[in-house]
Structures are given as C-alpha cells and as structure tokens.
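Student: In case you want the letters, here they are:
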Amino acid sequence: MTTNQTPTATGGRTSGRPSRGRAAAPAIGLVPFVVYMTIFLVVPTVTVVVGAFQGPDGGFSLEKIKALGGETALGALRESLLLSVSSALIGAVAGALLCWAVLASPPASLLRRVTTAVCGVLAQFGGVTLAFAWVATLGFNGLLTGLLADVLGTDPNGASWLYGLPGLVLVYTYFQVPLMVIVFLPALEGVRPQWREAAANLGASTWQYWWQVGFPLLRPAFLGSALLLFANAFAAYATAAALVSQGSPITPLLIRASLTSEVVLGQSDFGYALALQMVLVVSVVMAAYAWLLRRTSRWLQ
Amino acid sequence: MKIRHSLVAAAAAASLALTACAAPEKEKADDDGGAGGVAAAKATSVADFGTFDDLVKAAQAEGELNVIALPEDWANYGEIIEEFSEKYGIKVNSAQPDASSQEEINAADQLKGTKRAPDVFDLGQAVALANTAKFAPYKVQTWDDVPDAFKASDGLWINDYGGYMSIGYDSSVVPDVTSVKDLLKPEFKGKVALNGDPTQAGAAFSGVVMASLANGGSADDIKPGVDFFADLKKAGNFLPLDPTPATIESGQTPVVIDWDYNNAAIADEVDTWKTVVVPEAAVAGYYFQAINADAPHPAAARLWQEFLYSDEGQNLYLEGGARPVRADAMVESGTIDAEDWAALPQVSGEPVVVTDEQTAKLGEYLAANWAKAIR
Numbered sequence: 001m002t003t004n005q006t007p008t009a010t011g012g013r014t015s016g017r018p019s020r021g022r023a024a025a026p027a028i029g030l031v032p033f034v035v036y037m038t039i040f041l042v043v044p045t046v047t048v049v050v051g052a053f054q055g056p057d058g059g060f061s062l063e064k065i066k067a068l069g070g071e072t073a074l075g076a077l078r079e080s081l082l083l084s085v086s087s088a089l090i091g092a093v094a095g096a097l098l099c100w101a102v103l104a105s106p107p108a109s110l111l112r113r114v115t116t117a118v119c120g121v122l123a124q125f126g127g128v129t130l131a132f133a134w135v136a137t138l139g140f141n142g143l144l145t146g147l148l149a150d151v152l153g154t155d156p157n158g159a160s161w162l163y164g165l166p167g168l169v170l171v172y173t174y175f176q177v178p179l180m181v182i183v184f185l186p187a188l189e190g191v192r193p194q195w196r197e198a199a200a201n202l203g204a205s206t207w208q209y210w211w212q213v214g215f216p217l218l219r220p221a222f223l224g225s226a227l228l229l230f231a232n233a234f235a236a237y238a239t240a241a242a243l244v245s246q247g248s249p250i251t252p253l254l255i256r257a258s259l260t261s262e263v264v265l266g267q268s269d270f271g272y273a274l275a276l277q278m279v280l281v282v283s284v285v286m287a288a289y290a291w292l293l294r295r296t297s298r299w300l301q
Numbered sequence: 001m002k003i004r005h006s007l008v009a010a011a012a013a014a015s016l017a018l019t020a021c022a023a024p025e026k027e028k029a030d031d032d033g034g035a036g037g038v039a040a041a042k043a044t045s046v047a048d049f050g051t052f053d054d055l056v057k058a059a060q061a062e063g064e065l066n067v068i069a070l071p072e073d074w075a076n077y078g079e080i081i082e083e084f085s086e087k088y089g090i091k092v093n094s095a096q097p098d099a100s101s102q103e104e105i106n107a108a109d110q111l112k113g114t115k116r117a118p119d120v121f122d123l124g125q126a127v128a129l130a131n132t133a134k135f136a137p138y139k140v141q142t143w144d145d146v147p148d149a150f151k152a153s154d155g156l157w158i159n160d161y162g163g164y165m166s167i168g169y170d171s172s173v174v175p176d177v178t179s180v181k182d183l184l185k186p187e188f189k190g191k192v193a194l195n196g197d198p199t200q201a202g203a204a205f206s207g208v209v210m211a212s213l214a215n216g217g218s219a220d221d222i223k224p225g226v227d228f229f230a231d232l233k234k235a236g237n238f239l240p241l242d243p244t245p246a247t248i249e250s251g252q253t254p255v256v257i258d259w260d261y262n263n264a265a266i267a268d269e270v271d272t273w274k275t276v277v278v279p280e281a282a283v284a285g286y287y288f289q290a291i292n293a294d295a296p297h298p299a300a301a302r303l304w305q306e307f308l309y310s311d312e313g314q315n316l317y318l319e320g321g322a323r324p325v326r327a328d329a330m331v332e333s334g335t336i337d338a339e340d341w342a343a344l345p346q347v348s349g350e351p352v353v354v355t356d357e358q359t360a361k362l363g364e365y366l367a368a369n370w371a372k373a374i375r
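Those sequence lines, one after another, are chains A and B.
To convert, note that position 291 of the first sequence is 291 in the UniProt record's numbering; the numbers rise steadily by one, no gaps.
To convert, note that position 264 of the second sequence is 264 in the UniProt record's numbering; the numbers rise steadily by one, no gaps.
No false leads were slipped in.
Distance condition first, Cα-Cα at most 30 angstroms in a straight line; then the derived DSS-like pairs of lysine-lysine:
#, chain 1, residue 1, chain 2, residue 2
1, B, K274, B, K233
2, B, K115, B, K57
3, B, K361, B, K372
4, B, K361, A, K66
5, B, K112, B, K57
6, B, K139, B, K42
7, B, K372, A, K64
8, B, K189, B, K274
9, B, K274, B, K234
10, B, K181, B, K372
11, B, K233, B, K181
12, B, K112, A, K64
13, B, K57, B, K139
14, A, K64, B, K361
15, B, K223, B, K189
16, A, K64, B, K223
17, B, K234, B, K223
18, B, K181, B, K361
19, B, K115, B, K139
20, A, K64, B, K134
21, B, K372, A, K66
22, B, K185, B, K223
23, A, K66, B, K223
If you're looking for bench data, these hints aren't it; they were derived computationally from the structure.
Note that the structure is predicted; figures quoted are calculated from it, not measured.
With these hints in hand, go ahead and build the complete structure from the sequences.
Tutor: As structure tokens, then:
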C-alpha cells in the first residue's frame, strides 16, 4: 500500500538534516498570512475583549458583562443556541444519510460527482441571496405560497413563521446539509470494506456490524462535523439580517441593534460584550471539534 | 433615522450615479476660496462670509458636499440633492442612504479628519440631542421664521421637517381604517407592517407610541402600545417584514405604520393607497438638521443649510409630503406650495410630541420588552 511506502520515502529525504537557514525559508512565505491574521483576527478579537471590560470612562468595569445576564441578551443567546443546535442536528443527520446513499454508487459515477459538486456550491449559498430565494418561494407573495393556497387551501397571504426562528432553522438547514456532505463524506469513505468483511467472517449481522463497529468508528467524525455545523450556524448573520427585521431574536442581530439603534442610546459598547460571548461559545465548540478530529484521525487514515 | 435595510441598494446606486454626472465645475482651489477654510468652519451666519454670493463662491470653491443617510424616497431627498447640485454646481456625495442616525454619528467619528466625513447631519431627536458637542453653530437667513421650540437658541441644531405617525393602507385590499384598533380585525390578517424595529428605528418607535395613545397609554407609558402589537401578533395580523416602497408596490405589505410623508409618497405609485393620521393618537415628530463641526467642506455645508431653509428647499420637503418647519411663516407670506400643503393628510386632535427624556425612558422599556411581545 502507498501509505506504507510514504514514510520511508520522506524519511530518506529528511535524514540529511537541513540547516537552520533552510528551515526558516518556508516561514518567510508565511509572513503575509501572519500579518493578515494579525490585522483581521487578532486585533479585532483583542479589541472586543478589551472593549467588553471597559467602562464608559475607559477604566475597568464589569458592567457590560453583567448586562449579558439581562433578559433580552439571555433570550437572544438561548434562541441563538436553539437555532444553531437544531439546524446543526437536522443538517448532520440528513447530510450523513445523504453521504451514505451517495457512497452506495461507485466513486466515478455521475450521481456521486453531481452530488458532491452541487453540495460544494450549495454549502456556500448563504446570506442575502438565500434569504431572498426563500422569501420569493415561501414569503408572503411567494411562488409556493400561492400554489399551496390553490392546491391545499392554506392561507393565501402566507404565514409569518418564515420571518422568525422556525424560518431561520429551515433556511439555515438549506446550507447545513450540503456542508455536512462535504465534511463527512471523506470520513465515511474511510470506512474500509475489509472491516465489514472481517465482521461478517466473525458472524456479525449487518445490525451488529453497524452497532459495534461502524457507529463507534464514525462517532467522533460525525460529532466533529456536527460541531462545525453548529459554529457555522451560530456565526451566520447576513441570512438572518435579511429575513428578520423585528425583535432581534438571535445574538448577531442583537449586536446589530446595539450598534445602529437611534432609540436606545449608549448601547453600542454593549456590542463588545455580546461579541465576546459569541467568541467564547465558538472557541469552546472549536476546541471540542479539534479534539474529536484527533480521535477520528486515529482510526480513519 | 431611517433604518430601512432595503437590501437592494438601488437608491444608493442611483444617487451616486446622479451626483457623479452632476458636473463638478471647480475641481481646483481647495486651498484658497477666500472666506473658505478655517473662516468657513467658524462662520455662524451668512454675514461671516460677507454676502450670500460670497458663501456660494466659497462653497463652489470646495466643490463637494458629503451627505449621509438620506434615502431618495424619504422626504423627497432625492430631488433635493439633485436640485442643490444643479443650482450651485456642487457635487453631492450621498453615502449610506439607508443608515440610521446613530450610524451617521459613527461615520462622523470614524471618518473624522478625512475628506469623506459627512458635512451635515439629518438626525432623529434622541441621537441629535445626545451629540450636540459634534455640531457647529450656524443660523440660516430664515432663522427667525422657525418657532423657538424647533431650534437651539445657540444655533447648534434646527428642526428641518416633520410629520405625524400615520397608517397607510391599500384601500383596494383592506377596508377603511379609522382607528388604530381597526387593525385587530380579521380583515387585516397578515397585512400590518411597522417601518423598522422600534428598539432601533425612530419611525417604528413613534408607531408604538401611537398605538399606546390609542389604547389608553401616554407619552410616558408605552406599555399599552407594546401590548397592542403583541395582540396584533397573536391575531396573526402583524407582519414581521420591513416595509419598503418595493414591498408595498408588490403587495406584500398592504398596511404600513410610518410617518405620513412616507406613506403619502406611496400614493404616487399605488393609486388606491390612502394615508390616515388617527385623531385619537396624533404623534408628531421632527427631524434635526445640524452641521458637522469637523466638516471637510464647511462652506458647502452652510450653503446646504441655506438651501434647505429657503422657500425652494422647504417646498421640496413639502412636495415629498413632509411638513417643512417654516410652514406657518410660508403660509403667511404666501410662498408655500398651496396645492401640496392642502394635500397633506388631515390632522385633528392635540398632537403629542415625545420629549427626549420620555424617549430615553420608553426606549429602555422597549429594549426589555419588545422582543418578547412580538415573538
């Protein structure tokens, strides 16, 4: 197998011990990237953290952090988590099933190539475009709204659920499923037929194989992918902003409200605390994701 | 002021294109300009420039004017910008037409010291009164026509136009509206929209105040208004959709709670569109005009003020359905456009104007309760 040959090949090459100068050379290529990351990731994060702990006079203050415990902020966080968890779960399960169905056909088959290509496009189809697509389909004057009214006799004026949390779950799921296919397909492909044969040789039924071998092997990859989906939904903003104009139900929209409000003044600094809260949630999720990814790679290579 | 989030920024593109075409006559001379420069930034009236013609010359030497948050379809600003630009040959750069008042101030802070900073502001009450330190005092020639309640005695700000909170509706779709409570009727299922989120947008805020007055509340107590919208939501009548001229024309928002000048303007597009100011709940509101103390084009900013408060500028507001602040004086002198003046929606009853302290208090209540009410 190729995997067995690779280490010896590279081992032969690296045994010559490169000098320090040559080791530093590739790092120079990284400089633009590091600069970029510093400006657009590190600086904003530090600004957010500092801003969240700053009082109106510039000194240290826990006032904004305390305000996170307010009813509106907590409500938004709860809805945000609910939205992210539900759309991630639906996306993960539906996406995994789709992966499994696609894998039943041979690797070079048209079905498989089309599915992966379509998923690659749809996973990136978010934001305002997506919101409008749904409004045009299911919104108050949507195409499907009229059709459903004619055929099923539903309310021809449409329903307002599309513009609230249930609508967000539906719309988010639209890009969650393809994303799941993209990140989970390689893991599912990594499951070797030999394992199944081995299980069969030992007298295991299909059910037993999946229960005792397949699922335990895939669990870290599945959970890891689901976490990625969670973070994806948690941070999404444009779709929700285009769809929901009332009540700022989720945290990203609450941040918008605190920045632009012309009614409730002096709120713009509260955005720092809300942003810090989001950074923390995503950090925890990403740490868990990295840990699960390590566990997956132990088996599926 | 006008949080609208109309996502297709057609207005932005159009206004940019228009102003880009409007021949910048004098591109040179940013430095000389006689009374320009420091003197212009300190000028508190035309007299500081000499004559009005000197002000025009100084403004033309600057050649440009930066405005922000002026939607083309709001109080006729599209035409106002165009007329000003044509009349004086000054290029108007209109940024972020759909931004809010707070975003105007944010932009002034962020762009301070650059040539792109806004020269003038058009602000909602709360934001204007909280930021007077950023304004440059200036008194236009028609200053005395404006009632004292509508201007700062030191010239830092002056109201420009106002209106009443109104209910606009497509009379071919819903029955006639005579009171706020009518909106709870089953005929209005899935049809009533509010212009913006009241915790963010001044217009929507005043809409909730209107609903409050109609339901036994007052300018000090907005709870009945929030409860009314909760009932509206429960009845399935409340649309969680941000109304724009586009949603109205396409029939998605047949009933819209907004300033009467915005609703009245729709009648040009939708023949059956009617606007009513509910007698038991007449909420009046004026916008605030001010010059940025750090204006990159101080003379042009002052000329813009003069234009807005001239008969021509005030009539242009009126043409857009807004009530110009000099209206009373202009009616007296006969310079008002009588036809447009008569076409404004009738208002009976004592108008309520929410004070700044009341706004702050009501805003806090809304921030804590609005999201719950319409969930």
